[in-house]
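Asks: Guided by the hints, dock chains H and Y onto chain C, whose structure is given.
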Amino acid sequence: MHPARFTFSTRLTFLKGTDLAETKDHQAVFAPWEDPNEAPLIRFRGVTKKFGTFTAIHDVSLDIYRKEFFALLGPSGCGKTTLMRLLAGFETPTEGQIELDGHDIAPVPPNQRAVNMMFQSYALFPHLSVWENIAFGLKREGMAKDKIGDRVTEMLRLTRLEQFGRRKPHQISGGQRQRVALARSLAKAPKLLLLDEPLGALDKKLREETQFELMDIQEKTGTTFVIVTHDQEEAMTVASRVAVMDAGVLKQVATPSQIYENPNSVYVAGFIGDVTILQGRARKDGERYLVDWAEGQPPLVTHSGVEIGPGETCHYAIRPEKVEIHKDRPDDDNVLHGKVIDIGYLGNISTYHVELANGQIIRAQSFNTERSTRQAFTWEDEVWVNWTDRCGILLAG
Amino acid sequence: MRRLSAFNVVSLTLGFAFLYVPMLILVIYSFNESKLVTVWAGFSTKWYGELAGNQQFLDAAWVTLRVAFFSSTIATVLGTMAAYALIRSGRFWGRTAFSGMIYAPLVMPEVITGLSLLLLFIAIGLDRGILTLVLAHTTFCMCYVSVVVSSRLITFDQSLEEAARDLGCTAAESFRLVTLPIIAPAVVSGWLLAFTLSLDDLVIASFTSGPSSTTLPIKIFSSVRLGVSPEINALSTIMIGIVAIGVIIASLMTKRSMARRLADEAAADRAELT
Amino acid sequence: MRKSLVYLIPFLWLLALFFVPFLIVFKISLSDIALARPPYMPQLDLSEGLAGIRAFLSELDFENFVFLTTDSLYWKAYLSSLRIALIATFLTLLVGYPIAYGMARAPHHWRPTLLMLVILPFWTSFLIRVYAWMGILGQEGYLNQVLLWTGLISEPLSILNTNTAVYIGVVYTYLPFMILPIYAALERLDISLIEAAEDLGCSRTSAFWLVTFPLSRPGVTAGCFLVFIPTIGEFVIPSLLGGSKTLMIGKVLWEEFFSNRDWPVASAVAVVLLLILIVPIIFFQKNQQRQAEADA
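Chains as they are written, first to last, in the numbering used here: chain C, 1 to 397; chain H, 398 to 671; chain Y, 672 to 967.
One chain only, chain C, in its complex shape:
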């Protein structure tokens, strides 16, 4: 596993920035979680949260570092929002400890935490103008009047809302409201900003634009962001690291590319992106593993970082974009024969559903690099699919 290699590409935007203070020792990547000398900003130690008999969070231990853009990803009800509300102080852990900068934050009420939150509903005060909304937290802090003015102006500029300061929340558009909420929560310069589904209320196009804007603002202010989302694309786009949650448990915490290319469980593999999962038994063959998965089908080959004992059941996961489709039998590993039964044409790519002799369906994707209305393959075509010995993912259990 080479996380550094993967982070390089996904965090390219970060490197383009001017603030490279974090990349000490001329290290070209932002990966404080790999640095044993780096103290985490947030540390969850065995945190459990129960509501009556329902366990929302089960024994979570997690470190989040300064300047990270950390995403909590999972289906609704998985506990990600509870985890965030624990940080904000609206809930207290049933067991375990949460530390901010090395101090237990349990006794600190939400109004005294150096943590601010951007709410899913934005929670803009409808009776106050945009300007007053942003100034709200600063006034509570007892900041001097002229300083408040400067800070609010700065925030309005950061979020490109200069002309809207005097409007009321209902007088601006949804996208602008989202930016006011962001400006308001950033105004107090918190150590940690929590964002609860910050883009959930925006339409798809605006959401994609705003993702980059968020990353830009995070980089400019150098604030640590923790974002809660159920949208995997959003998490993959913005985050330095992603925590995949299910039923109150952290399934995997890693960079987006690690999560995608090296998921640690069937759950994570299935949750992120498109995947075909086959069940079989593994045996070692030199450097590689062979997986016997069906009568009359050749074993599947892959390199794996996961150790699996001989004859143990395991899962073999393969993503459709790694699968090639051919008219003639290629001379390679992992070659399977079947028939095209379905084609999903998306314009830029096409997904072929190839049914094998044993009824198993393998999905293969190909880029439509040439401009043509005629497809290379059509229904009922006899085809070969294959992938290289580095593409399959071996999962225990």
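These are computed hints drawn from the structure, not numbers from a lab. Please note that a few of the clues may not be correct.
Unchecked claim - Once the Cα atoms are required to be at most 25 Å apart in a straight line, the calculated DMTMM-like pairs of lysine to aspartate or glutamate come out as:
(1) C:145 x H:554
(2) C:191 x H:662
(3) Y:747 x Y:964
(4) C:168 x H:662
(5) C:147 x C:104
(6) C:205 x H:661
(7) C:220 x C:38
(8) C:168 x H:570
(9) C:147 x H:554
(10) C:50 x H:554
(11) C:205 x H:662
(12) C:67 x C:101
(13) H:443 x Y:811
(14) C:139 x H:662
To be verified - Partial list, computed: chain H residues near chain Y (C-beta under 10 Å):
(15) 438
(16) 445
(17) 448
(18) 479
(19) 593
Values in this document were obtained by computation on a predicted structure and should not be read as measured data. Ideal Cβ positions, reconstructed from N, Cα and C, are used throughout, including at glycine.
Replies: Positioned in the frame of chain C, the structure of chains H and Y alone reads:
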């Protein structure tokens, strides 16, 4: 959109005629010259003049207004607190009993409420007067206020309060700076409702008022028992007029602010598209 | 600490001025009448300590309740109140439903105005609204004048001081309580449901009975309870519009208290009235709860 059928038009016309014609007749005949209220004898405002000279009615009106003002104000404070406790505090000791006591007075026959309060005041040796009236009216009015305010609080986005806490407010500050300004219209209409209910109450006031604190409804009732009187018609017209003007102004104001709001939102959405 | 004050203050207020008074009513209903001030015996004298309490308890009895069953006036008044309330509720439904239906079918921009017109009478004095009918329904009232003038009748009708006048009074004053919940239920009704019913072969009338009416039933139930419950204990309407033959328990209680000054019997009447009301009140609350859950 379907057109209104003839049946709908007829039922609406007859229905609203039924609701408004009796009051209209009352208003018209208040300007009747004759003492015989059912015989029209020409236009006159003399009954309004007589009313203005009737010290008993004026005294009763003054008592009623004072009682209504104090009881609706106290009821608004208590009712808002009760609504807040019911909607926000989640489970607490005695919650079922509490919500029962909030809703019960709404359906309780007034004769029972009045009787029971009177017996309480006698048991504790409190002389009947303005004070007992205010206590009694506050008690049933606060329940109405709490129903009005809690129906607003249910739709109130709780994350607004959390946002205020998150930005540094204590619980009391977040109520004062965020919750109260937003629910203010509901609190005001709760106060107005309490005020009119107190103005209007006959039965509970009959039980709980003393000889020196006769209210206007008690006065009206005792004179109306003997039959229709032109003075009461005039008084009724004044009361109907005040309510009608108040409600019309209030509805015009909400209508205008709604229209402005919709226009603002439309403009904001247009601005985003360009 | 401060948080608990928010509910403790209104809680204690209601406890002292709503709950405790009921206990007193209950206690006095078990006492005997006395020619004193206050006119009932015994009174709890705590200065005598435990003996006082014992003496107090030993003198309580169900005599007044027994009296209610022996004098036919009382149970007839209860029955008559229930009957009048039932008939009046049904009449209010008959009048109110078409109005609510018409409002829900009216163009969108009319609805706020129509709604205001329904609510407006609610803000005007109840007493005055009842009083308005005295002038209309009397022997020489406006209604008889109109009917005699048109020649529909030759003798004036006597409506005032009869049960008919009470029904009219109840329908008139409680109409908004019937219209509003039905309107709320009908207004939410998706018009495409009726179109679907018609598409599947219903006539307009059968679409109404098979789709619209069943879906408006929670509103109808709520409206009926809102009229029925307060009408049972009504005092103003029977005493102004009803006659000497109109028996309603609210009026009986009033007279027992103010004219006969028999506080213990008045209290017993109140206790029984309350027991009668508990059943519909519980049904009403159940209905409201079900609706709230269905909305959630």
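Asks: For every hint, state whether the structure bears it out.
Replies: Okay, the hints, checked on the actual structure:
Between residue 145 of chain C and residue 554 of chain H the CA atoms are separated by roughly 30 Å; this puts the pair beyond 25 Å, and the hint is violated. Note on residue 191 of chain C and residue 662 of chain H: the hinted pairing is violated, with a Cα-Cα distance of about 35 Å set against a maximum of 25 Å. Straight-line distance between C-alpha atoms of residue 747 of chain Y and residue 964 of chain Y comes to about 39 Å, which puts the hinted pair past the 25 Å bound. Restraint check: the Cα-Cα separation between residue 168 of chain C and residue 662 of chain H comes to about 10 Å, which is no more than 25 Å; the hinted pair holds.
Taking the CA atoms of residue 147 of chain C and residue 104 of chain C, the gap is about 31 Å. The hint is violated against a cut of 25 Å. With a CA separation close to 24 Å, the supplied pair residue 205 of chain C and residue 661 of chain H stays within the 25 Å bound. For a cut-off of 25 Å, the pair hint linking residue 220 of chain C to residue 38 of chain C stands: about 21 Å separates their Cα positions. Distance check on the hinted pair: residue 168 of chain C and residue 570 of chain H sit about 21 Å apart at the alpha-carbon level, within 25 Å; holds.
Restraint check for residue 147 of chain C and residue 554 of chain H: the C-alpha separation of about 31 Å exceeds 25 Å, so the hint is violated. The straight-line distance between the Cα atoms of residue 50 of chain C and residue 554 of chain H is roughly 24 Å, inside the 25 Å bound, and the hint therefore holds. Among the hinted pairs, residue 205 of chain C with residue 662 of chain H is consistent with the structure: their alpha-carbon atoms are about 21 Å apart, no more than 25 Å. For the suggested pair residue 67 of chain C and residue 101 of chain C, the alpha carbons sit about 13 Å apart, so the restraint of at most 25 Å is met.
The straight-line distance between the Cα atoms of residue 443 of chain H and residue 811 of chain Y is roughly 23 Å, inside the 25 Å bound, and the hint therefore holds. For the hint linking residue 139 of chain C to residue 662 of chain H, the alpha-carbon distance of about 28 Å lies beyond 25 Å, and the restraint is violated. Annotation: interface hint on residue 438 of chain H violated; nearest CB of chain Y at approximately 14 Å, more than 10 Å. For residue 445 of chain H, the shortest C-beta to C-beta distance to chain Y is roughly 16 Å, which exceeds 10 Å, and the interface hint is violated.
With 10 Å as the threshold, the beta carbon of residue 448 of chain H stays out of range of chain Y, its nearest partner Cβ sitting at about 14 Å, so the hint is violated. A distance limit of 10 Å between C-beta atoms decides the matter here; for residue 479 of chain H the minimum to chain Y is near 4 Å, and the interface restraint holds. Contact between residue 593 of chain H and chain Y, as hinted, is supported at the beta carbon level, the nearest pair being about 5 Å apart and thus within 10 Å.
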